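Here is how the chains run, residue by residue.
2 protein chains.
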Amino acid sequence: MTKDLDDYVRQVCVEAKLASKGISTADHKAKDHALLAIAAKIRKSKNEILAANEKDLKAGANLEDALLDRLTLNPNRIESMASGVEEVAGMPDPVGEISNLSFRPSGIQVGRMRVPIGVVAVIYESRPNVTADVSALCIKSGNAVILKGGSEAIHSNTSILKCVRYGLEKHSLPRKAAQLVKKGREVTSALLKKEEYIDVLVPRGGKGLIEAVSKNASMPVIKHLDGVCHVFVDSSADLSKAYDVVVNSKTQRYGTCNTMETLLVSETIAETFCSTLFPRLIDMGVEIRGCPRAIQFDNRVKAASNADWYEEYLAPVLSVKIVDSLDEAIAHIEKYGSKHTDCIVTEDFSKARYFLKMVDSSSVMINTSTRFADGYEYGLGAEVGISTDKIHARGPVGLEGLTSQKWVVFGDGHVRT
Amino acid sequence: MTKDLDDYVRQVCVEAKLASKGISTADHKAKDHALLAIAAKIRKSKNEILAANEKDLKAGANLEDALLDRLTLNPNRIESMASGVEEVAGMPDPVGEISNLSFRPSGIQVGRMRVPIGVVAVIYESRPNVTADVSALCIKSGNAVILKGGSEAIHSNTSILKCVRYGLEKHSLPRKAAQLVKKGREVTSALLKKEEYIDVLVPRGGKGLIEAVSKNASMPVIKHLDGVCHVFVDSSADLSKAYDVVVNSKTQRYGTCNTMETLLVSETIAETFCSTLFPRLIDMGVEIRGCPRAIQFDNRVKAASNADWYEEYLAPVLSVKIVDSLDEAIAHIEKYGSKHTDCIVTEDFSKARYFLKMVDSSSVMINTSTRFADGYEYGLGAEVGISTDKIHARGPVGLEGLTSQKWVVFGDGHVRT
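One line per chain: the protein sequences are A and B, in this order. All you need for the working numbering is the position in the first sequence, starting with 1, plus 12. All you need for the working numbering is the position in the second sequence, starting with 1, plus 12.
In isolation and in its complexed conformation, chain A is listed as follows (with noise of 0.2 Å):
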């Protein structure tokens, strides 16, 4: 990396935390208009915005499907990205709230405020939404956000930023609290290491890119790794809710990381629930790979490989395991999952309740498609992303996980004997 290099990104850093003083005090109106105020400009935009995305498009032709499909913007998604900054605006301004405020033994009177962490820099590829959604979500949680996007998507990046930029400017907010940085991929190692600068890192992309960032960033990264999602059908499940279930975690969408990968079937109900599902699932474009007892059910199914039960598909690929016992599914999961998001399809009180306690996922479902597991769904407005560690954030990141909490206590002249 050049010193020139090095030196620019040390200039965005500076700027963020200056910039971070002055929005992390922001007036709650001040944050909810400029946000309004960003998102009316983005419909306004939108044949600019949808210009700049062209060119990326034009510039990107080699790129592979998938991601060209997350790079495309079209009026439905910017009509989306819009209306996702309004229902941040929405929102309850999570700064300043205090919680637990009680009197303690000695007259104190103790309790936290939340406040914002400060620099927030999110290392991000393809698609343009996360530059609107990500900068709402700061905006209003009091951070400053550094953006670093993929160069496939700069123009269409360049054109959204300055419809946040508008909004800042507009209601009279540092305008730096939101920035894109526009050199390509050697500027993420330089990131990495500002951790004088940057209190919190955010790697969303391919699990390549997380492992790199994770492995070498010295501030606290936020990240999710895989997403090998189970849907355990219990041998005391409602079947047809069972079928929805399961359809709907598998299919709904195939590249999404809280898409089930395997699916585990208590052997009680196992020939009936199978012999149903699988001609579904394989008419609808699915292959099945199955363990000895699952593939007896369709001559379709394919054997499933010991390596089956720890990929991640994100593919029309389903791998199937008939399990004897709650625990043997409680302990498959444990073994090949990712620790994401699990699900029990059940009737049964005391095992929705074990399955509850025993799985250690971000995510632990009753009765419910893995597909709802989203910062969206779970009512946080948008997400910053999704993680799968266990400390400070866990599962969908929103305005919460942006925040930190710190003490307050009010006294009287109270001293310590």
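Worth flagging that the hints you see were computed from the coordinates, not collected in a lab. Because the structure is a prediction, the values reported are computed rather than measured. Misleading hints may appear alongside valid ones.
Heads up, the list lumps identical chains together, so a pair's fine if it works in one copy or across two of them.
[Unchecked claim] Calculated pairs, BS3-like style, for lysine-lysine (alpha carbon to alpha carbon, straight line, at most 25 Å):
#, residue 1, residue 2
1, K363, K33
2, K205, K227
3, K56, K219
4, K363, K41
5, K227, K15
6, K41, K369
7, K347, K314
8, K174, K253
9, K369, K33
10, K29, K347
11, K347, K205
12, K33, K219
13, K369, K56
With the hints as your guide, set chain B onto chain A.
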């Protein structure tokens, strides 16, 4: 580091991971009964613990006084260890607590369940009471703990761990839920790279140790660096409260991280306040180092250098600066402080509110001694450490800081559309 040593540390880690399974899902009653048994055993083993401590004190005869003081146990300190463990037993169990369970427009019900983090490693020096405190907090919060105490306290720590093990075994909890690493300093380096097993690391001790650990650890670290704490006496302060708060913040104990190191005084009341305060502090043996305005109030006050404003004396020394405004006080705290604990003394509501908003420290206080900033005084029962980080836990870290929250989602066959 030898391979043998690394193998030994790995073995400890593997056993901790195994034990964490058992302790994480242990029954609430079993954990509390084990804690009560530990407390009783500590009381009963008083003579044995004192004899072990005597061995450490003899071996450490060359240690400096402060270290020896922290190492020394006596019947009172043993009693307060036991009652500390009992207090933790009496606290509500954080594990399994579900909060904010609410319906979303889609019909699913989403909430968050508090869960243990897994394996916690604590690296500490001297104080043998940490062995009891940290074990109690970890058992209660369902975590396995690896204790790396200083070699100077090895006999004391071993005899206390015996009591912990006794309680665990008596109530059929995994005895390896608390382990003491018995070898020298080199094991610390081995521990720092066991991110596969250790979920969070808490270093406690000198700044050098903490910096080295944070820099080299490959897992998340909860840490506390400096405690440069301030009290600002505002022009609207009730001066009799101000005397009490200032004297207590400085003199109640000199060597603790929540001791005031710098006093800021509003120019308006500086002469009145300082000419009474300074003789009183000097009589108590406190050396005062003042800014050019402060030295005028007593000829025994020395001139402070710029380095003084950064200094954590941990001694009967106080730096004093006269400031012209609330904003100057806040700017001083921001520039020279360590974001640990800072207090304003004032009767002015708006200034108090402004200070609370603008000062970004782990504890922000109004009219209260900074010495209150600890886990026991805040109602956490005890503390694993004090965090000056903003990620995960901030300020005193107790049971809640040793847990994480997973999302729980309930439905009735709900699918995403």
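Status of each hint after checking the structure:
{"no.": "1", "hint": "K363 with K33", "in the structure": "between (50 Å within a copy, 19 Å between copies)"}
{"no.": "2", "hint": "K205 with K227", "in the structure": "both (11 Å within a copy, 12 Å between copies)"}
{"no.": "3", "hint": "K56 with K219", "in the structure": "neither (36 Å within a copy, 54 Å between copies)"}
{"no.": "4", "hint": "K363 with K41", "in the structure": "between (47 Å within a copy, 21 Å between copies)"}
{"no.": "5", "hint": "K227 with K15", "in the structure": "both (23 Å within a copy, 24 Å between copies)"}
{"no.": "6", "hint": "K41 with K369", "in the structure": "between (41 Å within a copy, 16 Å between copies)"}
{"no.": "7", "hint": "K347 with K314", "in the structure": "within (22 Å within a copy, 65 Å between copies)"}
{"no.": "8", "hint": "K174 with K253", "in the structure": "neither (46 Å within a copy, 52 Å between copies)"}
{"no.": "9", "hint": "K369 with K33", "in the structure": "between (41 Å within a copy, 12 Å between copies)"}
{"no.": "10", "hint": "K29 with K347", "in the structure": "between (42 Å within a copy, 14 Å between copies)"}
{"no.": "11", "hint": "K347 with K205", "in the structure": "between (34 Å within a copy, 22 Å between copies)"}
{"no.": "12", "hint": "K33 with K219", "in the structure": "neither (33 Å within a copy, 27 Å between copies)"}
{"no.": "13", "hint": "K369 with K56", "in the structure": "neither (49 Å within a copy, 36 Å between copies)"}
In summary, the numbered hints that this structure violates are 3, 8, 12 and 13.
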